[in-house]
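J.: Single-letter residue listing:
Number of protein chains: 2
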Amino acid sequence: MRNVKRVVGFLFSVMVAASTAVADTNALPSWNDGPAKSAIIEFIQTATDKANMKFVPPAQRTAVFDNDGTLWASHPMYVQLAFALDRVKALAPQHPEWKTKQPFKAVLEGDLETVMAGGEHGLLEIVMATHAGMTTEAFSQIVLDWLATAKHPRTGRLYTEMVYQPMLELLAYLRANSFKIFIVSGGGIEFMRPWTERIYGIPPERVIGSSIKTKFELRDGKPVLVRLPEINFIDDKAGKPVGINQHIGRRPIAAFGNSDGDIEMLQYTDSGEGVHLEMLVLHDDAKREYAYTCDTKVGRLCKGLALAKQRGWQLISMKNDWARVFAFEK
Amino acid sequence: MRNVKRVVGFLFSVMVAASTAVADTNALPSWNDGPAKSAIIEFIQTATDKANMKFVPPAQRTAVFDNDGTLWASHPMYVQLAFALDRVKALAPQHPEWKTKQPFKAVLEGDLETVMAGGEHGLLEIVMATHAGMTTEAFSQIVLDWLATAKHPRTGRLYTEMVYQPMLELLAYLRANSFKIFIVSGGGIEFMRPWTERIYGIPPERVIGSSIKTKFELRDGKPVLVRLPEINFIDDKAGKPVGINQHIGRRPIAAFGNSDGDIEMLQYTDSGEGVHLEMLVLHDDAKREYAYTCDTKVGRLCKGLALAKQRGWQLISMKNDWARVFAFEK
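Protein sequences, first through last, are from chains A and B. One point on numbering: in the working numbering, the residue at position 19 of the first sequence is 19, and numbering is uninterrupted. One point on numbering: in the working numbering, the residue at position 7 of the second sequence is 337, and numbering is uninterrupted.
Quick caveat, the hints were computed from the structure, so don't treat them as lab data. Be a bit skeptical, because a hint or two may be false.
Pairwise CB distance ranges (calculated) [claimed, not checked]: (1) L474/B with K101/A: 52 to 58 Å; (2) F385/B with T114/A: 50 to 56 Å; (3) P93/A with A468/B: 52 to 58 Å; (4) K435/B with L144/A: 56 to 62 Å.
Below, computed lysine-lysine pairings styled on DSSO-like, alpha-carbon distance capped at 30 Å [to be verified]: (5) K50/A with K552/B; (6) K215/A with K552/B; (7) K633/B with K215/A; (8) K215/A with K545/B; (9) K545/B with K237/A; (10) K633/B with K213/A; (11) K215/A with K639/B; (12) K567/B with K215/A; (13) K543/B with K180/A; (14) K101/A with K213/A; (15) K303/A with K627/B.
Glycine included, C-beta positions come from ideal geometry on N, C-alpha and C.
Make a model of the complete structure from these sequences and hints.
T.: The structure is reproduced here in structure tokens:
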């Protein structure tokens with residue numbers, strides 16, 4: 001056994017040495033050659049090359065990814081909002097008062113315009129009515145059950161199929177180079193955790209997001225955590241670096257986003273002293289996905305475009321940089 | 331290269347198969363044979379044995395450890411309190427008002443009794459005055475600088491030498507069996523993170539603790555997080571399962587504590603459906619460390635003793651189960 005271990009240890013060190021010296025340029029098959037792909041490869045080569053002054057030890061290789069619009073589609077509406085609206089419909093029989101009470105009345109009537117006109121306050125009411133009151137484990141099951149059948153309105157695909165194939169390859173490429181990968185999303189942490197390991201290979205403890213408070217209690221003698229209708233943390237904008245520090249405790253060296261809500265996360269990463277990479281997914285492909293920048297309320301990218309130019313953050317053009325957007329494409 | 335990978339893959343799977351079939355009984359050299367050591371070995375054998383009905387896939391092998399009194403000594407006072415008192419002394423020249431203002435006056439006069447008589451409110455004032463106002467990075471450096479020279483009052487050893495050798499072996503044993511190990515401490519998360527990787531092999535993202543709020547801002551043009559004098563989260567008692575859920579998002583299968591503050595964490599672990607292990611370090615060794623249960627305010631273990639008996643939580647008797655307490659012992 002000891003000899004086997006020695007042999008494995010030796011071969012493994014050979015492999016590691018080989019893989020750090022030469023980057024695997026076949027790691028990103030769904031990426032077209034261009035500045036975005038080059039920036040990724042150059043960054044990983046630099047960070048993993050022991051001979052390079054900017055070499056980063058594996059333990060410090062931390063990459064953060066926004067979720068909505070960065071790893072999966074967020075148009076025409078955030079997936080979690082679609083979930084919340086469906087939950088209102090599912091729960092309506094237990095809430096006869098919703099027939100006359102806004103914003104629930106509008107949800108039940110399919111009047112999205114009125115729902116959105118209710119602004120943040122209205123959405124918060126919907127979230128609290130649909131996301132709180134149950135145990136964390138029960139909520140997790142509700143999310144999984146919904147995702148198993150709910151479909152994207154344009155493609156008719158499961159939402160979990162609406163993940164960007166090039167980003168899955170990027171996650172795998174980073175993972176193969178010993179990066180610790182975290183999701184840092186404005187979306188609900190408990191809405192993501194039930195499925196991120198299966199879809200992205202990212203385990204629950206590496207998911208950071210917005211949250212409501214929970215309370216430890218005994219229910220039927222069993223210790224559980226109950227979800228309370230009270231905001232705990234908003235992981236968006238200036239909240240993203242705060243969330244990163246709470247959960248990771250270390251400045252990332254790579255950050256990927258797609259909207260103005262990701263600016264502070266990119267700024268925080270950008271201010272690191274060693275090698276670092278900041279990228280923004282640009283939704284400029286109306287044919288295969290969607291095209292929007294300043295002209296949307298869902299994943300608006302406006303101030304971030306100017307900052308990207310100023311700071312040298314690399315844009316990822318969906319149209320030009322991605323040979324394929326979704327795995328289900330031919 | 332592909333062939334090398336295949337060979338390594340094959341050998342590696344042989345090793346994993348071999349190591350899961352037979353537990354390494356030499357993994358805990360500082361543990362005496364007895365019920366505590368047996369409980370650990372039996373638990374790890376069960377969780378890692380694919381042939382066992384209770385086998386736990388590696389991704390779900392999560393173990394949580396309290397820190398003070400479980401991984402390192404917490405008597406005669408919590409290390410973080412010693413740090414805070416030293417910081418008051420170091421900062422006193424900038425705060426002439428402290429000469430007449432409690433609880434600072436008592437700290438400066440070395441009158442610990444008056445300090446403690448101020449209760450939680452007084453301690454909170456000391457913590458906020460010494461732990462807030464600077465960036466997260468500056469605070470981390472202050473902690474490291476202090477730990478580099480501060481000594482335990484009885485042994486004269488660095489605090490980082492006051493870690494329990496048997497627990498270091500337990501951490502290594504769990505790690506060798508693919509467990510994800512987290513610290514879940516009532517102590518400050520940012521007080522632990524700067525050194526837990528070096529001392530315990532536990533990286534910052536796997537440290538959970540109490541925290542104050544932080545704020546993202548630009549200081550001299552550099553994006554930083556500034557520590558605010560405001561409680562964010564208290565990771566103690568019923569807060570421990572809440573903290574576990576926030577950071578890990580999964581019920582642990584092993585929990586190690588030493589005081590009544592760990593009860594809820596053990597209850598939460600105890601209610602899992604598969605194999606699980608709960609243990610409490612019993613400080614019953616006045617000669618090599620300290621002896622206390624109900625009769626202390628620092629790491630009181632009282633209600634937990636009764637619950638341990640009732641629930642079958644395994645006690646770790648420092649006196650009987652540990653052949654060696656500290657690495658510096660002969």
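J.: Can you list which hints this structure breaks, lowest number first?
T.: 6, 15
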